[in-house]
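Chains A and B, in that order, give the protein sequences. Heads up: the first sequence runs through residues 1 to 328, numbered per the numbering used here. Heads up: the second sequence runs through residues 1 to 191, numbered per the numbering used here.
Bear in mind the hints are in silico, worked out from the structure with no lab data behind them. Cβ coordinates follow ideal geometry from the N, Cα and C atoms, glycine included. Each hint should be verified, as a subset may be incorrect.
[Claimed, not checked] Covered stretches of chain B (in silico footprint by chain A; criterion: 3 or more residues with CB under 8 Å from a CB of chain A, positions within the stretch not fixed):
| # | stretch |
| --- | --- |
| 1 | 4-16 |
| 2 | 31-41 |
| 3 | 125-132 |
| 4 | 136-146 |
[As the list claims (entries may be wrong)] Computed spacing ranges between beta-carbons, pair by pair:
| # | chain 1 | residue 1 | chain 2 | residue 2 | range |
| --- | --- | --- | --- | --- | --- |
| 5 | B | Tyr8 | A | Thr292 | 40 to 50 Å |
| 6 | B | Ser174 | A | Gly72 | 47 to 57 Å |
| 7 | A | Ser21 | B | Ile103 | 18 to 28 Å |
| 8 | A | Met327 | B | Val149 | 21 to 31 Å |
| 9 | A | Met173 | B | Tyr90 | 50 to 60 Å |
| 10 | A | Val83 | B | Tyr19 | 44 to 54 Å |
| 11 | A | Ser198 | B | Val112 | 35 to 45 Å |
| 12 | A | Lys310 | B | Met150 | 17 to 27 Å |
| 13 | B | Leu136 | A | Gln39 | 49 to 59 Å |
| 14 | B | Val135 | A | Ser21 | 34 to 44 Å |
| 15 | A | Val83 | B | Phe75 | 51 to 61 Å |
[As the list claims (entries may be wrong)] Once the Cα atoms are required to be at most 25 Å apart in a straight line, the calculated DSS-like pairs of lysine-lysine come out as:
| # | chain 1 | residue 1 | chain 2 | residue 2 |
| --- | --- | --- | --- | --- |
| 16 | A | Lys79 | A | Lys144 |
| 17 | B | Lys164 | B | Lys188 |
| 18 | B | Lys188 | B | Lys165 |
| 19 | A | Lys310 | B | Lys83 |
| 20 | B | Lys188 | A | Lys310 |
| 21 | A | Lys310 | A | Lys12 |
| 22 | A | Lys12 | A | Lys33 |
| 23 | B | Lys165 | B | Lys139 |
| 24 | A | Lys33 | A | Lys281 |
| 25 | B | Lys164 | B | Lys139 |
| 26 | B | Lys188 | A | Lys144 |
| 27 | B | Lys164 | A | Lys79 |
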Amino acid sequence: MEMAYIIESIIKIVVILLVFSGLAGIGTYFERKVLAFMQRRLGPTNVGPFGLLQVAADGIKLFTKEDIIPAGVVSRIFKIAPVITAATAFMAAAAIPFLPSFTIFGYEVHPIVADINIGILYILGIMGVGLYGPLLGGMASANKYSLISAARGAAVFISYEVITGLSILAPIMMVGSLSLIDFNEYQSGGITSWILWSQPVAFVLFWIAAFAETGRTPFHLIANDHELIDGFGTEYSGMRWGLFFIGEYANMFFISFVMALVFLGGYGDGSFLGALGLLAKVAFFFFFFLWTRAAWPDVRPDQLMWLCWKVLMPIAVINVVITGIVMM
Amino acid sequence: MFEAIAFYLFAFLTITMFYIAVTTSQALHALTALAAGMIFISAFFFILGADFLGAIQIVVYSGAVMALYAFGMMFFDTTREVKEKQGNKYIIFGLSVLAAVLIVVIFSAPMVAQNIGGQNPILENAGNVQQVGMVLFTKYLVPFEVAAVMLLVAMIAGIVLAGKKMDLSLTLMSEEDIKVLKEENTKKAHS
């Protein structure tokens, strides 16, 4: 029995790893196409039909490129930093229910690796550990721009973790559980029972913080665009750089799943339609990440900090207090 | 069986990481090893079924405490090796042995006395978080409140220390104002 459980878990882990590594690649294709469409360009067109094979071409390029370790870096930390980014992104996926449980060949499958009863806390904690990828990468690079970018990224990340935690506290108080499956059960009564309607402030705050947590535009400060340098990834090349990329895209997908499950009812009653609905919500959130990148410039670091500590955090605290009063 | 395997694996990993953190002369290695060790410790909480404490261990130690260490390290050149001053080796050796023996004695004393037992039994039908909350807000309410007051004091102290000239923002000031400010600062430095 225990053996079967272990084998099942390993299969789930491998499937999630493969699917989301692949999705990260296809995500870059969609990003380029969507950005191109919104900015009246063509995007990738040459490789394959509609440029679809561009993903494969990029993959081949990344895998076969020489892995350069510059002189003067702290080589062990430099090598391990991209792995931390990618690994923590996928570790966070362990507590996310990706689909409702379904039966295949008479065997009931729960598409969640570990249904621990503190799921959301675990996910946020592991995503917080993801900070070490950029931070160590920047500090080990022996490059001043990398270091500046790492410091900036860490500051933004730590600040916005406060917003994530506080904003999600109000829905947790309502549901009374930290498991994402319980969140889903709480909202299984259809669109009207979504937490979005009772906690719109928390939803907007969490959404804003999600941009900072994944480091996407308008909070894309970890890449120093204004210094014409790619932030903490400056010294990286080949697949090590690619791992940072996979980590970023996997994080985007996972945080989209979390938002859909916590605020937008997840997979609803667990029917086939509900599962499709969950995927549609995730696709919308992912598209929104790209949309924002096409439409908005980056904000300045001081504006970002101002927004976090002087606007979002007070609103989040007030939201928690009001939720508490209403619940009493 | 798997519990035993997991325990020994994570015990080995934790000790290795902390050993690296203590012995290395490279600041970044120490930082990374310490953070990794903190995460591996959370595995013991998960094995014991204390999921909440495990997640809190990750959030607090790896997410917050170690990140602050990392901020501190930004002020050094972390790519260079640190030359440590080592005092009397016998004193270091003696103290560490003494500390190790003390820890073993402290933890094995209740086992020898055979009166080990939980004062607050596990509640049926209550999740991990609820159980922690029950104990925290009944038995340990006073220490909890005292800790809250201490945090408040630390926060006020931090604001007072860092709060000088907080209303000034170099990015929002005009060039002339910045020049005046610079001259004032140089005057202060010379006087």
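Hint check results:
1. Using a Cβ-Cβ cut-off of 8 Å, 0 residues of the stretch 4-16 of chain B lie near chain A, which falls short of the minimum of three, so the contact claim is violated.
2. Judged by the Cβ-Cβ criterion of 8 Å, the stretch 31-41 of chain B is covered by chain A as claimed, because 4 of its residues qualify and three suffice.
3. Given a C-beta distance limit of less than 8 Å, the hint that chain A covers the stretch 125-132 of chain B holds, as 3 residues qualify and 3 suffice.
4. Counting residues of the stretch 136-146 of chain B whose C-beta sits closer than 8 Å to any C-beta of chain A gives 0, which falls short of three, so the coverage hint is violated.
5. Between B:Tyr8 and A:Thr292 the C-beta distance comes to about 47 Å, which sits within the given range of 40 to 50 Å.
6. Distance hint check: the CB atoms of B:Ser174 and A:Gly72 are about 40 Å apart, inconsistent with the given range 47 to 57 Å.
7. The given range of 18 to 28 Å is broken by A:Ser21 and B:Ile103, whose C-beta atoms sit roughly 44 Å from each other.
8. Checking the proposed 21 to 31 Å range against A:Met327 and B:Val149 shows it holds: the Cβ atoms sit about 26 Å from each other.
9. Distance hint check for A:Met173 and B:Tyr90: the Cβ-Cβ separation is about 57 Å, which falls inside the suggested range of 50 to 60 Å.
10. Taking 44 to 54 Å as the suggested C-beta distance range, the pair A:Val83 and B:Tyr19 does not conform, at roughly 21 Å.
11. Distance hint check: the CB atoms of A:Ser198 and B:Val112 are about 55 Å apart, inconsistent with the given range 35 to 45 Å.
12. Range check, A:Lys310 to B:Met150: about 25 Å between beta-carbon atoms, so the 17 to 27 Å window is met.
13. Distance hint check: the CB atoms of B:Leu136 and A:Gln39 are about 53 Å apart, consistent with the given range 49 to 59 Å.
14. Between B:Val135 and A:Ser21 the beta carbons are some 42 Å apart, a value that agrees with the proposed interval 34 to 44 Å.
15. For A:Val83 and B:Phe75, the hinted distance range of 51 to 61 Å is not satisfied, since their beta carbons lie about 26 Å from each other.
16. Taking the CA atoms of A:Lys79 and A:Lys144, the gap is about 18 Å. The hint holds against a cut of 25 Å.
17. For the hint pairing B:Lys164 with B:Lys188, the CA-to-CA distance comes to about 16 Å; that is within 25 Å, so the pair holds.
18. The straight-line distance between the Cα atoms of B:Lys188 and B:Lys165 is roughly 15 Å, inside the 25 Å bound, and the hint therefore holds.
19. Between the alpha carbons of A:Lys310 and B:Lys83 the distance comes to roughly 42 Å, so the proposed pair goes past 25 Å and is violated.
20. Restraint check: the Cα-Cα separation between B:Lys188 and A:Lys310 comes to about 32 Å, which exceeds 25 Å; the hinted pair is violated.
21. Using a Cα cut-off of 25 Å, the hinted pair A:Lys310 and A:Lys12 is violated, with the two alpha carbons roughly 42 Å apart.
22. Distance check on the hinted pair: A:Lys12 and A:Lys33 sit about 31 Å apart at the alpha-carbon level, beyond 25 Å; violated.
23. For the given pair, B:Lys165 sits about 44 Å from B:Lys139 by alpha-carbon distance, which is inconsistent with the 25 Å threshold.
24. Between the alpha carbons of A:Lys33 and A:Lys281 the distance comes to roughly 20 Å, so the proposed pair stays at or under 25 Å and holds.
25. With a C-alpha separation of about 41 Å, the suggested pairing of B:Lys164 with B:Lys139 is violated against the 25 Å cut-off.
26. With a C-alpha separation of about 30 Å, the suggested pair B:Lys188 and A:Lys144 falls outside the 25 Å cut-off, and the hint is violated.
27. Proximity of B:Lys164 to A:Lys79 is assessed by CA-CA distance (about 40 Å); at most 25 Å being required, the pair is judged violated.
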